[in-house]
Amino acid sequence: MSGIWLALVGGIVFFLGYKYYSKFIAEKIYRLDPNYKTPAHQYRDGVDFVPTNKFVLWGHHFTSVAGAAPIVGPAIAVYWGWLPALVWVLLGTVFAAGVHDFGTLVLSVRNKGQSVGTLASKLIGQRAKILFLFIILLLVLMVNAVFAWVIANLFISFPASVLSVFIQIPLAVWIGYNVYKKKGNMLLPSIIALAVMYLAAIIATYVPALQIDLVSYFGGEGATTLFGLNATSMAFLVWIIVLMVYVYIASTLPVWKLLQPRDYINSHQLVVGLGLLYLGLLFTNPEVTAPVTNPSANDVSWFPLLFITVACGAISGFHGLVSSGTSSKQLDKETDARFVGYLGSIGEGALALIAIIAVVTFFPTAGEFTATYSSFTASSGSGLNVFIQGASQLAAGLGIPATVAATIVSVIVVSFAATTLDSSVRLMRYIISELGAEYKVTPLTKMHVATTVAVVSSAALTLIPQGPKGFGSGGYLLWPLFGTSNQLLAGISLLLISIWLKRLGRNYLPTIIPMIFVMFMTLYAMIDQVFTQWAPWVEGSDWMLFTFGAIILIFTFWILLTAFSAIMSNKDGKIEKSA
Amino acid sequence: MNEKKFSLKRLIEWYDEVLSLPHKTEVARELRDEDDLFLLLVYSDMLGIPNPAFYYTLELYPFIIEKFHDWHLRMGMEKSPLDGIRCC
Chain S
1 MSGIWLALVG
11 GIVFFLGYKY
21 YSKFIAEKIY
31 RLDPNYKTPA
41 HQYRDGVDFV
51 PTNKFVLWGH
61 HFTSVAGAAP
71 IVGPAIAVYW
81 GWLPALVWVL
91 LGTVFAAGVH
101 DFGTLVLSVR
111 NKGQSVGTLA
121 SKLIGQRAKI
131 LFLFIILLLV
141 LMVNAVFAWV
151 IANLFISFPA
161 SVLSVFIQIP
171 LAVWIGYNVY
181 KKKGNMLLPS
191 IIALAVMYLA
201 AIIATYVPAL
211 QIDLVSYFGG
221 EGATTLFGLN
231 ATSMAFLVWI
241 IVLMVYVYIA
251 STLPVWKLLQ
261 PRDYINSHQL
271 VVGLGLLYLG
281 LLFTNPEVTA
291 PVTNPSANDV
301 SWFPLLFITV
311 ACGAISGFHG
321 LVSSGTSSKQ
331 LDKETDARFV
341 GYLGSIGEGA
351 LALIAIIAVV
361 TFFPTAGEFT
371 ATYSSFTASS
381 GSGLNVFIQG
391 ASQLAAGLGI
401 PATVAATIVS
411 VIVVSFAATT
421 LDSSVRLMRY
431 IISELGAEYK
441 VTPLTKMHVA
451 TTVAVVSSAA
461 LTLIPQGPKG
471 FGSGGYLLWP
481 LFGTSNQLLA
491 GISLLLISIW
501 LKRLGRNYLP
511 TIIPMIFVMF
521 MTLYAMIDQV
531 FTQWAPWVEG
541 SDWMLFTFGA
551 IILIFTFWIL
561 LTAFSAIMSN
571 KDGKIEKSA
Chain W
580 MNEKKFSLKR
590 LIEWYDEVLS
600 LPHKTEVARE
610 LRDEDDLFLL
620 LVYSDMLGIP
630 NPAFYYTLEL
640 YPFIIEKFHD
650 WHLRMGMEKS
660 PLDGIRCC
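For the protein sequence lines, the chains are S and W, in the order given. For the first sequence, position 61 matches number 61 in my numbering, and the numbering has no gaps at all. For the second sequence, position 84 matches number 663 in my numbering, and the numbering has no gaps at all.
Some hints here could point you the wrong way.
Here are the simulated lysine-lysine pairs, DSS-like style, with alpha carbons at most 27 Å apart [what the hints assert, rightly or not]: (1) W:K584 x S:K333; (2) S:K19 x S:K257; (3) S:K181 x W:K584; (4) W:K588 x S:K182.
By construction, these hints were calculated from the structure, which means they are not laboratory data. Predicted model only: the values in this text are computed from it and were never measured.
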């Protein structure tokens, strides 16, 4: 079967979801009002609250939520065959992610553009806000650790990509300066920057001297280096230290100096990446060689682990932070929320869909697929590298040499991951400061103390898990924890929307059903992992994963109990009720 | 935008606007912070911080008085902190 069929089925499901289901949600459930005065108009200040054209806002919302996560998750989840991953991505996007992203946007718009954290304290109580902050803190900690590993892993596997990624930093600083001081336009300089990056990628692919291959510098895979570490472990250690020093600087600088111009260049990469993959798919018309369901996947059951392996791309709590953090303050008309929120999540679903297609069409035979995806651990470790090779195979259909395409795709994925890492470390710094202020631990409110805590804890978490290549190579083991915290956040946001709908006397089934599904699957998966795989009394236990898993579980049960008592007490809170 | 005729130029304009939206916000915030500091300097003498150039800053009042209300709200003061200026 051709991979185009998968894209076509996905496209039709997304289209129907947007056309009919989101319309039903907009009209019957959220009851959008074109005359409602949105926060962008109510509190218009020219900075945060600015009414923005819905197409522009959709584009911005999409580029903010799309990143490396909807690629990594599906690339691992095809371990159980392409069908389970595909079905979860499609149905998850239509019935869970769309409703969630759209709902958090509307909820925030109806409540002065406040964030989901603040809304949690209004709807459930002050304690919920603190619990919510802790869950977000855990989520960003996992994001930092996982994405630092993703970048280090790609730098080691695709050393030709390093030069381009580092060239981007001075280019971004130059663009940021140019725009801020000289009020110049960013479009042309950023396209030039992108061209320079890709040129560097092409040259580095053919000139080994420009490939920063640390494993070779340290004497090749078998060599032993300082502290008795092997060359790969040493390479991981060096890259993770370099990345952490970089994110420290990036997250303490004003955003316009480095982060925003980098995001600007990376947004082009999102367009380039999606264009390369979907056009490549059309031109190469590849066969799906991976099995529909993988009968040899016996070590870990797809139920319920699939639902936390594919987090972004099916549903993601992080989107609620974007919806309620920035998009809600810029929505021109309330009716635009459907376009911005629901269609934004469909954009992310489309990215996850092409990630699945790139992986399942990469292998020449089903046997080779099963050999690479031999166990869940093997899939977690090599899924992303397979995606890059699969994606470069698709891009090769456009006449780009496969080796160059592999470098460019790895540059794109590293850039996505770096953007996520930058924002996530900054977010973690803010949360640490907020918790410091809440609990009166004054040193934590200082920028450099909070950033140091964020960076050191993230680096430690990246380095501690032991992978097959030794120290530092096991960051992928954290993926289920990342998926869990992300899904829990989504579940809690859906719960908030449901409480809001219930208090308005509306039908809250479209939000409570995905909430129960996501919460049940996530808790089931987490309890299963914590008590049967990571617990100290089990063979092959892992104290770190066990501790983090247990903490996440405790927080979740706590917030669920608090929410349950809030629903039962039926307190009205200070919530906007106008319909 | 959706009401106007589609063209490549409009597409590029839309694309540029999408990508520069967050940047515009940050630059506006940075400029507002600079303005806030400037306003603090101008009002410093009235707030009890000696300013040798106070006399000359009076000339600026007509230009900044309109920003005063938003400024004191942003600085966390619900009512005007200055007796001489009663904006709310």
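* Asked: Going through the earlier hints one by one, which of them does the structure break, listed in rising order?
  -> Per hint list: 2 and 3 violated.
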